[in-house]
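Enquirer: Heads up: the protein sequence lines correspond to chains A and B, in order. Under the UniProt record's numbering, the first residue of the first sequence is numbered 1, with each subsequent residue one higher. Under the UniProt record's numbering, the first residue of the second sequence is numbered 1, with each subsequent residue one higher.
Everything labelled a hint here was simulated from the structure, so no lab data went into it. Cβ coordinates follow ideal geometry from the N, Cα and C atoms, glycine included. Be a bit skeptical, because a hint or two may be false.
Now the stretches of chain A that chain B is said to cover, found in silico as 3 or more residues with beta-carbon under 8 angstroms [what the hints assert, rightly or not]:
hint: 1; region: 30 to 39
hint: 2; region: 43 to 55
hint: 3; region: 128 to 141
For reference, the chains in residue letters:
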Amino acid sequence: MRKFMIGESNAVKKYVFMILLLSFLSACSLNENAAELYKQETPLKLEIQTPDTFTAGEQETVKATLTQDGKPADHTDFVHFEIWKQDGTVHYGMEEAGNEGGGVYSISKDFDKDGLYFVKVHAQQGGSLIMPQKQFIVGELSKSDVEFLQKGTGKQEAGQGHHH
Amino acid sequence: METVKETADIQKPPQTNTSLYRTVWRWHFYAGIIFAPFLFILAVTGAIYLFKPQIEGVLYQDYYEVTPQDEKISASQQIEEVKKQYPDAAVTVYRPGESADRSSEVGIVNNDESLTVFINPYTGESLGALNSEDRIMDKIEEFHGELMAGTLGDRIVELAACWAVVLIVTGLYLWFPKKRPGMGGVLFPRLNRGKKTFRRDLHAVPAFWVTAGMLFLIMTGLPWSGFWGTNFQSMATNTGEGYPPSVWVGSGPQSTIQTKDIADVPWAAENLDVPVSDLQGFIPLSIDDVVSAAEREGVHPSYSIYIPQDKTGVYTISAFPPKAQDEITMHVDQYTGAVLTDYRYDHYGWIGKLVAWGITLHKGTQFGLINQLISLFICLGIILVVVSGYYLWLKRKPKKDMGAPKTAGFNNTKGFFLLLIAMGVLFPLVGLTIIAVLIIDFFLIRRIPALKRFLNA
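Turn these sequences into a full structure, and let the hints guide you.
Expert: Have a look at this one:
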């Protein structure tokens with residue numbers, strides 16, 4: 001009988017241990033903010049504003065608002081804009097953007113032909129290099145533009161070589 | 001009974017330790033009989049998997065080797081070639097190949113099958129495709145990691161590995177030299193003391209020699225087990241001293257671009273079925289920009305690029321080359337190309353570094369051939385110990401029962417049970433099985449005389 005008692009109390013102890021264990025285990029899922037404990041990057045972030053309306057014969061302004069680590073990026077190494085039309089009939093090569101202050105950079109160009117356009121921004125600050133590309137529409141889309149969009153790749157490269 | 005006497009005669013332990021010795025032996029005996037077959041499987045599959053680089057190098061030579069030429073074509077062109085062959089496939093990964101004479105690889109999912117298409121990066125020509133299902137080394141890995149039985153298999157492997165620690169601890173106690181002159185039966189087998197002694201030495205002596213190696217393989221293997229490993233990795237990551245999140249546990253960052261600013265893709269062929277304003281927006285980077293980011297940031301040439309499959313995803317550049325120090329996991333925004341995280345070996349916490357070294361040593365890649373040979377030796381040792389353990393049992397086993405050492409009560413065994421509980425806490429699956437054993441013991445074995453007799457309980 002004595003042996004039984006010891007065996008039982010051992011089992012009870014182990015139940016207690018198991019309960020402790022399970023509560024301990026459920027507590028060890030990954031902490032959402034764990035990344036903050038390790039090396040962090042401060043990527044450049046941006047928004048690109050393309051014009052809403054286009055007037056023939058006038059220049060329109062494309063703007064990029066850059067931020068890094070929550071602050072306006074006004075110490076960039078460079079900010080270059082490149083703009084072209086999907087069918088290749090318009091191409092404004094890589095050009096330094098005007099600095100409007102407060103992390104806002106802009107370029108003004110003619111958009112007299114209707115169709116699908118792309119703007120690519122190349123920017124660098126504090127070791128973070130970005131090269132986002134945005135598509136925007138001037139007036140009506142051509143048949144070739146629609147076909148391009150429907151191919152669904154969403155990818156088109158600038159006509160010229162890589163920038164580095 | 002006879003077996004007990006024999007050992008008792010040889011060891012002549014002081015009376016107070018007999019019950020402890022028997023209890024330890026009993027646990028070693030049953031744990032061995034139950035888990036040794038799994039350890040055997042792990043050792044055999046592990047011994048083969050160690051040589052994966054050499055084996056795959058021979059098996060897939062035609063897929064791997066290309067003749068270097070002047071210039072490689074771009075990653076996007078190579079992927080286009082694959083898309084021509086598999087128009088409906090989703091491209092998931094691109095691996096450029098670490099040397100000039102190595103093909104590049106494009107991983108795709110085609111009709112629910114994952115294929116690797118090997119491409120000659122100089123010509124864009126396909127060298128053939130391998131279905132992951134057909135790769136023998138993948139099968140061996142699956143066998144080694146989960147007995148080809150999914151999660152259940154993973155838990156069984158983990159259980160066997162954890163119980164192997166119990167076997168090591170109890171085995172060391174049984175092996176530990178008592179008052180006996182010389183190192184015979186301790187460091188080398190005694191050849192002239194009769195068959196029974198030799199059989200015992202054939203198990204205990206090699207077991208001692210491979211103990212350190214075996215414990216090393218278990219402890220380095222456990223971090224990638226499904227239950228213990230995942231919890232361990234999460235805890236380590238949470239302390240800031242493990243792997244950074246997303247290297248092992250946790251997900252990577254998301255794109256810095258808001259979903260509403262991303263361009264939609266129209267699907268219908270006849271008309272634009274999305275508002276024109278939704279067509280305006282950011283479009284994903286070309287993979288070529290990600291390749292140049294990898295080259296710019298000095299990533300180890302064996303890297304792969306994992307391609308995001310949804311709008312908020314990011315490109316993941318990762319390399320887990322033979323040496324732990326060369327590891328890297330980098331996330332690149334799929335729209336801006338910004339490096340969002342750049343985790344290298346140097347950025348791991350000390351636990352992460354230790355685990356990383358453990359993994360490359362376990363896989364035998366860290367030090368190349370010499371590493372593989374040492375690990376192979378340990379595997380062969382484990383196989384010998386398992387086989388000799390079974391042989392020892394079968395030779396000693398009386399016909400009518402298991403031949404287990406008789407249960408010895410709980411006198412003087414408090415320390416041992418505390419140790420078992422500690423193991424059960426450290427390895428919860430061991431804890432759960434100990435509880436299961438005690439429940440079965442209490443409710444079945446002690447109440448069914450025939451069972452009790454058979455198991456010597």
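Enquirer: Taking the hints in turn, state whether each one holds.
Expert: How the hints compare with the structure:
no.: 1; hint: 30 to 39; verdict: holds (count 7)
no.: 2; hint: 43 to 55; verdict: holds (count 7)
no.: 3; hint: 128 to 141; verdict: holds (count 11)
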